[in-house]
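Student: Taken in order, these protein sequences are the chains called S and Y. For reference, each letter of the first sequence is one residue, going 30 to 200 in the numbering used here. For reference, each letter of the second sequence is one residue, going 111 to 306 in the numbering used here.
Quick caveat, the hints were computed from the structure, so don't treat them as lab data. Wrong hints could be hidden among the right ones.
Stated by the list, open to error - From the structure, some residues in chain Y lie toward chain S, with a derived Cβ separation under 8 Å:
| # | residue |
| --- | --- |
| 1 | Asn122 |
| 2 | Arg201 |
| 3 | Lys202 |
| 4 | Phe233 |
| 5 | Tyr234 |
| 6 | Asn238 |
| 7 | Cys255 |
To be verified - Simulated crosslink set (DMTMM-like; lysine to aspartate or glutamate; CA at most 25 Å straight-line):
| # | chain 1 | residue 1 | chain 2 | residue 2 |
| --- | --- | --- | --- | --- |
| 8 | Y | Lys202 | S | Asp33 |
| 9 | S | Lys79 | S | Glu56 |
| 10 | Y | Lys297 | S | Glu175 |
| 11 | Y | Lys202 | S | Glu56 |
| 12 | S | Lys176 | Y | Asp299 |
| 13 | Y | Lys272 | Y | Glu212 |
| 14 | Y | Lys202 | S | Glu149 |
| 15 | Y | Lys202 | S | Asp163 |
| 16 | S | Lys101 | S | Glu175 |
| 17 | S | Lys165 | Y | Glu298 |
| 18 | Y | Lys202 | S | Glu187 |
| 19 | S | Lys176 | Y | Glu244 |
| 20 | S | Lys165 | Y | Glu212 |
| 21 | S | Lys165 | S | Asp129 |
| 22 | Y | Lys202 | S | Glu144 |
| 23 | S | Lys165 | S | Glu149 |
| 24 | S | Lys101 | S | Glu157 |
| 25 | Y | Lys202 | S | Glu157 |
| 26 | Y | Lys297 | Y | Glu260 |
Keep in mind it's a predicted model, so treat the numbers as computed, not measured. Yeah, the Cβ is synthetic: ideal placement off N, Cα and C, and Gly gets one too.
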Amino acid sequence: MAADKLSTARQRAEEALKSIGVSYSVEEGANFVEFIVDVARLKDAALALKNAGFGTVVSVTATDYPKKNTIKVVYHVTSMIDDEVKGAIIGVGVYLPRIDKPSMPSLTGVWLSAEFMEREVFEFFGVEFEGHPDLKPLLLIPPLAEKRPLRKDFVVREENIYEGVPFSNVG
Amino acid sequence: MAAEEGKVYVGNVDVAARRARDILLGKLKLEDAVDWATSFSLWPVHLTTSCCSTEFAATFGPRFDGEQFGSLPWVSPRQTNLIVIEGTVTRKMACAVRITWEQMPSPKFAIAMGACALDGGLFYNSYNVVRPWEVIPIDIYIPGCPPRPESVARAIVELQRKIRRKHLAGEWVRTGWRPDREPVKPKEDVCSWWRG
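Looking at chain Y on its own, in the form it has when it is part of the complex (with noise of 0.2 Å):
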């Protein structure tokens, strides 16, 4: 059958808005599905803070395959959700880990990296060394020295799973808020120096 012309044929549109309708309002709620689409869709951002980028590097190289958690590392906060502290925050990143956390699009998560992060590890009780939980609102901490690949991948999936358990990213998206706990703020600007 010869196309007329000035029409375009899609197909049935009625039929196929009245199945997607059904999918996602009818038997499975918005929140879910942003739930589902979040947790396969963490792009973490590139921010280097130490040493323990080479085992993240590692995690998604092709040995252990990170993109199969739906994970991707990407250039600009501006596209991602996900950022992964590697490793020590130095009183000089700490300011580059607040402003690239502040760029990025709510729903956003956090996960520390390495002993360093948790409480300062080698350099505990350093002049120069910043707790990341002081800073930004972690959601997983991995540790080691440095952290095993597989770990990375493991505090990805655990994060999927809170992501879904805890309906995040669907609460943040209809509340505007995070149902479970307060946003951090640094007790002291972290940019100070910076902004002279």
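Bound conformation, chain S alone (with noise of 0.2 Å):
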């Protein structure tokens, strides 16, 4: 029944993203399918999946990946009114180069559950939304945010159990 969903969902989807001539690679795993796309076409590519019926978000995440010096952040989305999709998720997803502040459009605008996950990806990650109405640190302190702490290379030091590491001593 959930393939069965997952499967016309991703039809649809393709659909969606071949009208508007959006070139795109797809990234499949046992239950998930993303949609890689270009960071210039990643607005439209939103907006056709919108018209296409998958109207709410249900997650923004990044994955760092210091090997191949990328970051790829991806959108998954969902639908919740339309029977034949409903409870397939779909992602789609952009590669960013691995630097200090890597910057991409925010998609607030198509989706607006959108605003908090992207502060939440822009504190953990460094990522830069273009277009976000209210970027700024949402569960961190800024001074924590800006060590960017689900980044590979961000290093807790190991606890001593009966001392403890002091308040700031982080990074």
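Please assemble the complex out of the two chains, which come individually in their own frames, going by the hints.
Tutor: Set out below in structure tokens:
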């Protein structure tokens, strides 16, 4: 059942992306499909997917690949109302260069629910979203957010169980 | 007998005052009275730092009825004298904990609840977790992940015993200082990021 819905959703997403002429590559696993597009065409692809019925963002997440020197940002989208694809999750993502402040367009204008999740990606990975209405740290204190805690080169010193780590000694 | 105009009848005030003086000053030391009164009015402030607060809420629900110990969660830190750290304290929350603690009137007490409040627990060795004993002075620790509501009730009873045994509240009121320990000051300003 779920596999049927996923294949339907994939078909629909591929048609939507082909209709506007966006080139994409597919990364798929056991229960997910991700469409990797170019950064310049990301907003068009997102609009096409939204018009195809994928109206809700369930997660915005990033992955750090230090060996490949890239950061991958993926938006996972789904539909809450369309019975044919309900529950199937489609990803649309980009690869960014792994520099200090990689930049990409914000999709808050397309999916409003992406706003807080983009702030989270910003504070944990340092990805800057152009056009985001309120880009500031969400969960972390600003001095800690500047250290990009979820990048692979962030190191937490091992704690002495008897003394503990001083309040500011991280990174 | 009809009441005379212009007079208020309140009973024999002299006798009542003499009796009250005997009870409060003659037979019972005032410090003991303060200890007794404080230990049965430990009102925790509503400060939810983490997920242990659900167990804390259950403690004051109908089944476990924490109110039978004279303890009632209250909204404003200005009218409370107990703070219960419910679980993990993140770096951002440490500022809120310290501000709440400084707003509370003395004598005041603190209970740390859950494994995260002891040494980090599940989030041990994390970049974003603060141990609450670095921020405020803790009186009672409750282990468990999360602790049962019975444990929270037991902690309140133990705190009552501690107050009455060591005369914490009475000494605090008499001398303006806590008798058994120095006040905890954070080694670093936990709100520096917020003040900018």
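Student: Checking against the hints above, which ones are violated?
Tutor: Hints 1, 4, 7, 8, 11, 20, 26 not satisfied by this model.
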